[in-house]
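Protein sequence lines, in the order shown, are assigned to chains R and P. According to this note's numbering, the stretch in the first sequence is residues -11 to 97, in order. According to this note's numbering, the stretch in the second sequence is residues 12 to 125, in order.
Just so you know, these hints were derived from the structure itself, not from any lab. Some hints here could point you the wrong way.
[Said to hold, decoys possible] Pairs of lysine-lysine, DSS-like flavour, derived with a Cα cap of 30 Å:
#, chain 1, residue 1, chain 2, residue 2
1, R, K33, R, K67
2, P, K68, R, K30
3, R, K(-10), P, K68
4, P, K29, R, K67
5, R, K67, P, K68
[Said to hold, decoys possible] Which chain R residues face chain P? A few, computed with CB under 8 Å, are given here:
#, residue
6, A17
7, S20
8, C28
9, F87
Quick reminder that beta carbons are idealized off the backbone N, C-alpha and C, glycines included.
The primary structure of each chain is shown beneath.
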Amino acid sequence: RKEVEQDPGPFNVPEGATVAFNCTYSNSASQSFFWYRQDCRKEPKLLMSVYSSGNEDGRFTAQLNRASQYISLLIRDSKLSDSATYLCVVNFNDYKLSFGAGTTVTVRA
Amino acid sequence: DVKVTQSSRYLVKRTGEKVFLECVQDMDHENMFWYRQDPGLGLRLIYFSYDVKMKEKGDIPEGYSVSREKKERFSLILESASTNQTSMYLCASSLTGTGNPEQYFGPGTRLTVT
């Protein structure tokens, strides 16, 4: 079983729509959680950390459910520039991150 | 800004060749990582290093070795390249002991083995 599993999508949404997707993780000892964004042919970059209480960063909202071991990301008022692959990332020690395979989002005009 | 650079963006090698991929970071990070990224599989950790001359195997170390002689530089070596090592290779670095394991990535090297 993969440590981090994501729906690969693609999620095709019109501009202005809301899109949400989840990932699940298998290690209950996981300590911290993140969403990274990867544009086509580019390197991954940190989008936001995910806190137990849930957190927002502008149009992006992340939620963590430790009991069910899943993380979610919601994007409101989608922009064309939000088109990317979103990687769910889980950490359970000082160094190592476990990456999901990514969820592809395409926002169309 | 943290900068992680990799020696080549694209590389084409023949089966059996020895291949060196170089990675340099300029932020004095203790930890450095090598991943490969393949469609549908995501990023898989090959090796990582938490200090000079220290290395740890990741999830898929077979067919690879690494070298870290200086803090800023982490090299990935394919001793005898094979076609199943055709992939995108990403290097990353991070600080240790800060409670923030954010990794900063280089632009990647797309390696094709023919």
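Let's test the interface hint: is any C-beta of chain P closer than 8 Å to that of R:F87? 4 Å, holds
Checking one constraint from the list: CA of P:K29 to CA of R:K67, max 30 Å. Satisfied? At roughly 45 Å apart (the allowed maximum being 30 Å), R:K67 and P:K29 break the hint.
Does R:C28 hold up as a contact with chain P if the rule is Cβ-Cβ below 8 Å? 12 Å, violated
Take the C-alpha atoms of R:K33 and R:K67, compute the straight-line distance between them, and say whether it is at most 30 Å. 18 Å, holds
Evaluation of the interface hint that places R:A17 against chain P, nearest CB under 8 Å: 14 Å, violated
Straight-line alpha-carbon gap R:K67 to P:K68, limit 30 Å: 40 Å, violated
Run the distance test for P:K68 versus R:K30: straight-line Cα separation, threshold 30 Å. 25 Å, holds
Does the structure keep R:K(-10) and P:K68 at a Cα separation of 30 Å or less? 18 Å, holds
Hinted contact R:S20 with chain P - closest CB pair below 8 Å: The hint holds - R:S20 has a Cβ within 8 Å of chain P, the shortest such distance being about 7 Å.
The structure shown violates the earlier hints numbered 4, 5, 6, 8.
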